[in-house]
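K.L.:
One letter stands for each residue in the lines below.
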Amino acid sequence: MKQFFILIIAAGGLMSCDRTENWTTIDFLSGTWEGQEITNYIKIQSYPGALTPHSTAHLLNSIDTTNNTSTIDSAGVIIDESNFLLLNETQITFGGTDQTINWAFDTEPLPAGLEPIFDSLRVLFSGEQTFDIQLLNRKECVLYFDTVVPVYYAGSLVNVELRHTQYWQK
Amino acid sequence: MLILFVGFALSSCFTIHPELQHARSIDKGGRYYSVGAFGGANVLVQSYGVAGVYSYGLTDKIDWSTDGSFSVQASSLKRAFQGFGVNQYNLSTGPKFSILNNRLALRLPATITFTADDLFLSTSPTLLWDVADEKTTLFLRYNRLYERNAIEGYSGDLIFGFNYFVPFYSDQLIISIQSNGLGLYGGVGLTL
Numbered sequence: 001m002k003q004f005f006i007l008i009i010a011a012g013g014l015m016s017c018d019r020t021e022n023w024t025t026i027d028f029l030s031g032t033w034e035g036q037e038i039t040n041y042i043k044i045q046s047y048p049g050a051l052t053p054h055s056t057a058h059l060l061n062s063i064d065t066t067n068n069t070s071t072i073d074s075a076g077v078i079i080d081e082s083n084f085l086l087l088n089e090t091q092i093t094f095g096g097t098d099q100t101i102n103w104a105f106d107t108e109p110l111p112a113g114l115e116p117i118f119d120s121l122r123v124l125f126s127g128e129q130t131f132d133i134q135l136l137n138r139k140e141c142v143l144y145f146d147t148v149v150p151v152y153y154a155g156s157l158v159n160v161e162l163r164h165t166q167y168w169q170k
Numbered sequence: 001m002l003i004l005f006v007g008f009a010l011s012s013c014f015t016i017h018p019e020l021q022h023a024r025s026i027d028k029g030g031r032y033y034s035v036g037a038f039g040g041a042n043v044l045v046q047s048y049g050v051a052g053v054y055s056y057g058l059t060d061k062i063d064w065s066t067d068g069s070f071s072v073q074a075s076s077l078k079r080a081f082q083g084f085g086v087n088q089y090n091l092s093t094g095p096k097f098s099i100l101n102n103r104l105a106l107r108l109p110a111t112i113t114f115t116a117d118d119l120f121l122s123t124s125p126t127l128l129w130d131v132a133d134e135k136t137t138l139f140l141r142y143n144r145l146y147e148r149n150a151i152e153g154y155s156g157d158l159i160f161g162f163n164y165f166v167p168f169y170s171d172q173l174i175i176s177i178q179s180n181g182l183g184l185y186g187g188v189g190l191t192l
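Residue numbers (this note's numbering), protein chains in the order written: chain A, 1 to 170; chain B, 1 to 192.
Warning: the hint list may mix true and false statements.
Said to hold, decoys possible - FRET-style restraints, in silico, Cβ to Cβ: (1) A:Glu108 with B:Asp117: 21 to 29 Å; (2) B:Asp117 with A:Val77: 49 to 57 Å; (3) B:Phe81 with A:Thr147: 21 to 29 Å; (4) B:Glu134 with A:Val149: 50 to 58 Å; (5) A:Phe118 with B:Ala132: 42 to 50 Å; (6) A:Gln99 with B:Tyr33: 38 to 46 Å; (7) A:Asn137 with B:Arg144: 44 to 52 Å; (8) B:Phe81 with A:Leu157: 52 to 60 Å; (9) B:Thr66 with A:Gly31: 16 to 24 Å.
Claimed, not checked - Here are the simulated SDA-like cross-link-like pairs (lysine to any residue), alpha carbons at most 25 Å apart as the crow flies: (10) B:Lys78 with A:Trp103; (11) A:Lys170 with A:Leu136; (12) B:Lys78 with A:Gln169; (13) B:Lys78 with A:Gly155; (14) A:Lys170 with A:Ala57; (15) A:Lys139 with B:Leu173; (16) B:Lys135 with B:Ala37; (17) A:Lys170 with B:Ala80; (18) B:Lys78 with A:Gly95; (19) A:Lys139 with B:Gln82.
Said to hold, decoys possible - Derived list of chain B stretches under chain A, where covered just means 3 residues or more per stretch with a C-beta under 8 Å from a C-beta of chain A: (20) 31-45; (21) 72-81; (22) 110-117.
Hints are computed from structural coordinates only; laboratory data are not their basis. No residue lacks a Cβ here, since even glycine has one placed at the ideal position from N, Cα and C.
Here chain A stands alone, though its shape is the one from the complex (with noise of 0.2 Å):
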């Protein structure tokens, strides 16, 4: 009975464990991910940057990692698709779409008067831009980038730099 009970630990304890020792980047990157929240720092010329935090709860991401694609699922309708290139360990590569900034990007609570701003970034999201993998594990997914877009705004030439975080739990 004791050789029993060690039996069934041990057993359980095999069963349980993760064996993601020898996973690569695009092992954790494959599956469905939940989103949790997107930040993105809006810093303009000579201001303190303003931080737009909103929640992605709402967001399923399946990452296929046999054909490369990502597709965003709001509530069980997909709003976006891309494919993606894996650079290395530490990047990514995703080709955006003109959907992308719409769940990438809360325009919701800035004033209109950014308009100008955020029709310079929508050209960013649609087209290739490489994340920083800045975490990666069974079960968070922390991808980031940073760039300054130059914004013709108000008879003038501004550079906005904008830093992106996007955070996924399985």
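Given chain A, put chain B in place with the hints provided.
P.N.:
This is chain B only, laid out in the frame that chain A set:
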């Protein structure tokens, strides 16, 4: 007008920390310390932080007052602890002149703010007014940036608020509320 509005909307990104002191001057050679924690939110983000003040009496009417604060902006306290926030460090130092029998004071500090790899220099003239037998101090602070922004129309924040002092053993508990018109912030402090 539009540019002014845009500038004002983004101006809320400086920390809105409490003053944690009276208008009343301390005696020559005297010292005053207070520390506190504060938090609040505007339409974009929540802020949490700690602040402290140290004053030294240069004369009976003039103090040298230094205050510092550390704060983090994030969507919530949980996210701040998870590292999804933006840190801000703030240090102000300068004279405080008390007038009108110590009921009114004008602080004229220079301020350094460090946030997200950027350093901002400003001056923060602050008017303090003791009312209700020094149980309450109203304050008005204008944090004016030294460097004007590329987008004209923004050069600083106007913050208003009050401290309410409650006796607490041999010290005083400070309850503080302040706003810049876009967000509301509150804090609790202790004079030492």
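K.L.:
Looking at the structure, which of the earlier hints fail to hold?
P.N.:
As far as the earlier hints go, 2, 6, 8, 9, 13, 15, 18 are violated by this structure, in ascending order.
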